[in-house]
Amino acid sequence: MNREVSINAAMALALLAVPIIALQIGQTFTITLATRIAILALAATGLNLALGLGGLVSFGHAAFFGIGGYAAGILSAHALSGEPMMFGFEGSQSMPVIWLVAAVLAGLIGLGIGVVSLRTSGVYFIMITLAFAQMIFYFAISWPAYGGEDGLSIAVRNGFPGLNTMRPMEFFLVAYGLLMLTLGLFSLIRSSRFGAALQAVRQNDVRVASIGIKPFPIRLTAFVLSAMITALAGALYADLNRFVSPSMFSWHMSGELIVLIILGGTGRLFGPLAGAALYVILEFVLGGMTERWQFFLGLILLAVVLFARGGVMGLLAGKARHG
Amino acid sequence: MLLDVQEITAFYGSSQALFGVNLSLSEGEVVALMGRNGMGKSTTIKAICNLVPPRDGNIAFGGVTTRAMPTHKVARLGIGLVPEGRRCFPNLTVYENLVTAARPGPWTLERISKLFPRLEERKNQLARSLSGGEQQMLAVGRALMTNPRLLILDEATEGLAPVIRQDIWRAIRSLKADGLSILVVDKTLSELLPVADRCVVLENGKTVWTGAPHALTADLQDRYLGV
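Sequences listed follow chains E and S, in order.
Going by our numbering, the letters in the first sequence line up with residues 1 to 323, in that order.
Going by our numbering, the letters in the second sequence line up with residues 1001 to 1227, in that order.
Next comes chain E alone, as it looks inside the complex (with noise of 0.2 Å):
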């Protein structure tokens, strides 16, 4: 077993183990601040998938994780009040549909965006991907009947069968399982055929062009996967908060999304995974001692770019393969 496989189980481990502890001394915060790495380290693996396979810097991921959580707040609040919504669909409470519906809808959305969006590269694509989750994110402020400006609140966490997910440790459970998954899901695509073209993509277009593979439709496929599995997690947080607001959409979470796999390693399996929990313990340590903690977040983000590519990863386990 290599050295990055080991720190990976690690900390797969860890992540399972701190809320098991927490759970016997009776620290539900814990357990709490456990969920939302691991729903972060999930919305940073979508995007890892685009940034850190692909290349693709998309400022605009925040539209896929809101449109995540408002597929949850919405299919809750139609499935609550009893009220129907288009073409007579009832809503939803159950996680798996509401999964599926976010999913379905940011990558349409997703496909939308790439197609215009990835036609341009460099600080041009940053620029579009940003202006389409600025026009979602202004959308939702102005649509009164989900809210608007204050939010959609979720009265009652949604549900998964055969668990109570109002308990924190379950619902802990289902974002830890859904995130293993997904890293599960981002190693086989890494080490297929379409990962090589995607990695190739990233290096040098002309040169995979003439091996006869269109750089486009590999760019717009992962793009639109790491939309959808963004999205998965915007359902997660919204679940973990029982709200969801437009700044869901705003482009500050985009850049939290992006400082997360930076800080974690880019291109790493496990580099959002890191990520996460690096950026949520300084937030809490930090938090707790000073109302500017983001300053010295700043300070360290700068500190990692400097003097530390590889990031948490590239620390702990060297420099990347495919860096």
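One should not assume that every hint holds.
Output of the computed footprint for chain S on chain E, the stretches with three or more beta carbons under 8 Å from beta carbons of chain S [to be verified]:
hint, stretch
1, 187–197
2, 200–214
With a straight-line Cα cutoff of 25 Å, these simulated DMTMM-like cross-link-like pairs (lysine to aspartate or glutamate) come out [claimed, not checked]:
hint, chain 1, residue 1, chain 2, residue 2
3, E, 214, S, 1084
4, S, 1123, E, 4
5, E, 319, E, 205
6, S, 1073, S, 1004
7, S, 1187, S, 1155
8, S, 1073, E, 205
9, E, 319, S, 1121
10, S, 1123, E, 205
Please keep in mind that the hints were generated in silico from the structure rather than gathered at the bench.
We put the beta carbon where it would ideally sit given N, CA and C, even for glycine.
Since the structure of chain E is provided, determine the placement of chain S on it from the hints.
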């Protein structure tokens, strides 16, 4: 006729690089594209692959006009390019470099391994960690994995150690014996002329001489190739 290039011109920005290149290649033929440095050999290859789109003239491959076709479609018609400077995907392994390019046909990983046993030994290594010669073998292997009807080799042995050059030339002779059509650019005339069925010489972006290798006399070599 497998490849038919007629009177193509090409530009880099406003600077004209090709002024009328003519070149043809039949199925199973090996054509040497020759000329001194800067005469347009690499630009001609790029124009054939549409990496530098030709402005005038016509290019047909297997009877299909490729002039306005995107690069990936030209490649899919069956043109395998080994670009100048061993351009592999440095952050992919040897295996990933090969499978990414793979298309159905007689060229498989096993066959590439037989042609270049070193690649089999290094299949899990990153391309960037290979020696120059191994990277060149990988570039040839990757082009063959696309199962091309025409293999284009642009300075495939440049800058390599003599032993490795021999390996590459041995592979080229073996590919010729298998009946693969090859368009090759190389400065090593002692290796190039025996393997070529025909030579096409470029000067200042124009085709100036076409003929059999034995007809490329010392005088002509002196005039066009400066050797």
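Checked hints:
no.: 1; hint: 187–197; verdict: holds (count 3)
no.: 2; hint: 200–214; verdict: holds (count 12)
no.: 3; hint: 214/E x 1084/S; verdict: 21 Å, holds
no.: 4; hint: 1123/S x 4/E; verdict: 20 Å, holds
no.: 5; hint: 319/E x 205/E; verdict: 24 Å, holds
no.: 6; hint: 1073/S x 1004/S; verdict: 17 Å, holds
no.: 7; hint: 1187/S x 1155/S; verdict: 7 Å, holds
no.: 8; hint: 1073/S x 205/E; verdict: 14 Å, holds
no.: 9; hint: 319/E x 1121/S; verdict: 23 Å, holds
no.: 10; hint: 1123/S x 205/E; verdict: 23 Å, holds
Consistency with the previously given hints is maintained throughout, with no hint failing.
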